[in-house]
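Chemist: The listed protein sequences derive, respectively, from chains H and B. Numbered by our numbering, the letters in the first sequence go through residues 1 to 239 in order. Numbered by our numbering, the letters in the second sequence go through residues 1 to 158 in order.
FYI, nobody ran anything at the bench for these hints, they're computed from the structure. A portion of the hints provided could be inaccurate.
[To be verified] Facing chain B, a subset of chain H residues (Cβ under 7 Å, in silico):
1) 16
2) 17
3) 21
4) 75
5) 82
6) 83
7) 85
8) 93
9) 121
10) 123
11) 124
12) 174
[What the hints assert, rightly or not] What follows is a list of derived Cβ distance ranges for each label pair:
13) B:90 <-> H:147: 47 to 55 Å
14) B:2 <-> H:117: 32 to 40 Å
15) B:99 <-> H:139: 41 to 49 Å
16) H:159 <-> B:63: 36 to 44 Å
17) B:63 <-> H:115: 15 to 23 Å
Note that the Cβ used here is the ideal one computed from N, Cα and C, for glycine as well.
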Amino acid sequence: MTIVVIALSVVVLLLSVLVAGLLRSHATILRRLHELGVGLERDPGTTASPQVPRTDGSVPPPRDVSDGRRAHDVVGVDPTGAAIGLRTVDVDHDTLLMFLSSGCTSCEAFWSELAGNGSIDGVRVVVVTRDLAEESTSAIRELAPEGVTVVASTGAWKDLEVPGSPYAVLVHGRSGRVVGEGTGASFTQVKELFLRSSHDHDGKARADQRRERELDRVLLDAGLGPGDPSLYRPPTEPR
Amino acid sequence: MYLESHGIAADLPPGWEGSIEVERDPDAVSLAELGGVLRPVTHLGTFPLPRDRGDFGSGAVDVMGGEDAFIALVEYDPAEASSELFASRGLPRSLDPRAFSSQALQRQRGRQAGWQGFFNEGGRAFCLYVVLGDLDDLHLLARKVEQVLAGIRVEVER
């Protein structure tokens, strides 16, 4: 009996060592995969792209634009009931979505102000109401400012988690991200707020370009041209 | 992006936007007030479509760039469906870039080129009007438009 117990204990001990070894090798594999960028949290649909040296002189695009949450295109109907779909994501222009309602008193100033001056240079202004079934259709038709696109789309309110009206969301077309949101007492105030936000965005882009030019100059002075393999070595690798 | 209205549906690929609404031509609106019927007009484009535009895209094609394309699908009286002009059957799904010309535009604009075709589908009469942004890029732009045409469905006239 004693011999059997001892034999079983030895077997259990050996199996424990085996399991510990397997767990350790598994952890090593996961760590290596993590270092290669596999298994990182990404937006659905995107794939990991391994960093490979380029010899064509091109510079890889940024992996992601982290600023701001992802925006959505707007699909709904206009005040006459016509189906309408507006692209706000992956386009060259920015879009200011003004979420207004036919019933809210704070929105009145926005409606009247938009009628006179509803445009911003380089930015497409779109008024988004809830579905016509949830609004006063006749009031929306009367309020709809001349020359400004009005879309009734409760879906857009949900997609962008709009807390209420009046509310403004500025979508950066190229990145498809929300780069500003909030509200104000008037459309003029909102415009000032968002134009500043937009300029800040441009300012950052210009600063990035300046830094990029400066880095290019330093690297070229050091004899390192585009695609030089030394540019793609991991920073921990000994030189 | 999926649009559906007035018995017309369009499944748009990335980069396109559009609307399906009734015609806005002042003459048609006047006739409608006298008992006529306003027919649907579908506008699709690769650029922000301005609110104020004509049935055949005046006002919209003025702001389109060289890499852009514009489609107008304008419906006519179903009684015309059996006429000679609309004798061609079915929405054209493929386009011949050689058929595009700056002469086919309502108004010649820069390097734009246009093409117009008439057809009947489901007992309905339509005009398909396509404007491409650059005469030097007709093949690429025509393929872009064909991608959209593949996603358009027309219901039978009831």
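Chemist: Indicate, hint by hint, whether the structure satisfies it.
Modeler: Evaluation of the provided hints:
Evaluation of the residue 16 of chain H hint against chain B yields a violated restraint, the C-beta minimum of about 55 Å exceeding 7 Å. Checking residue 17 of chain H against chain B by beta carbon gives a least distance of about 55 Å; that is not within 7 Å, so the hint is violated. With its C-beta approaching chain B no nearer than about 49 Å, residue 21 of chain H sits outside the 7 Å limit, and its interface hint is violated. About 6 Å separates the beta-carbon of residue 75 of chain H from the nearest beta-carbon of chain B, less than 7 Å, and the hint is met.
With a cut of 7 Å, the hint placing residue 82 of chain H at the interface with chain B holds, because the nearest CB-to-CB distance is about 3 Å. Given the 7 Å rule on beta carbons, the hint for residue 83 of chain H holds: about 4 Å separates it from the nearest Cβ of chain B. Taking 7 Å as the C-beta contact cut-off toward chain B, the hint placing residue 85 of chain H at the interface holds, the least distance being around 5 Å. Because the beta carbon of residue 93 of chain H sits about 6 Å from the nearest beta carbon in chain B, less than 7 Å, this interface hint is met.
Proximity of residue 121 of chain H to chain B is violated relative to the hint, the smallest CB-CB distance being about 14 Å (cut-off 7 Å). The criterion of a C-beta within 7 Å of any C-beta in chain B is not met by residue 123 of chain H, whose closest approach is roughly 10 Å, and the hint is violated. Because the beta carbon of residue 124 of chain H sits about 5 Å from the nearest beta carbon in chain B, less than 7 Å, this interface hint is met. Restraint check, residue 174 of chain H versus chain B: the minimum CB separation of about 12 Å is more than 7 Å; hint violated.
Distance hint check: the CB atoms of residue 90 of chain B and residue 147 of chain H are about 37 Å apart, inconsistent with the given range 47 to 55 Å. About 34 Å separates the C-beta atoms of residue 2 of chain B and residue 117 of chain H, a value consistent with the hinted range of 32 to 40 Å. Distance hint check for residue 99 of chain B and residue 139 of chain H: the Cβ-Cβ separation is about 47 Å, which falls inside the suggested range of 41 to 49 Å. Range check, residue 159 of chain H to residue 63 of chain B: about 27 Å between beta-carbon atoms, so the 36 to 44 Å window is missed.
Taken as a hint, the range 15 to 23 Å holds for the pair residue 63 of chain B and residue 115 of chain H, whose Cβ atoms sit roughly 21 Å apart.
Hint compliance for this structure: hints 1, 2, 3, 9, 10, 12, 13, 16 are not met, and every other hint is.
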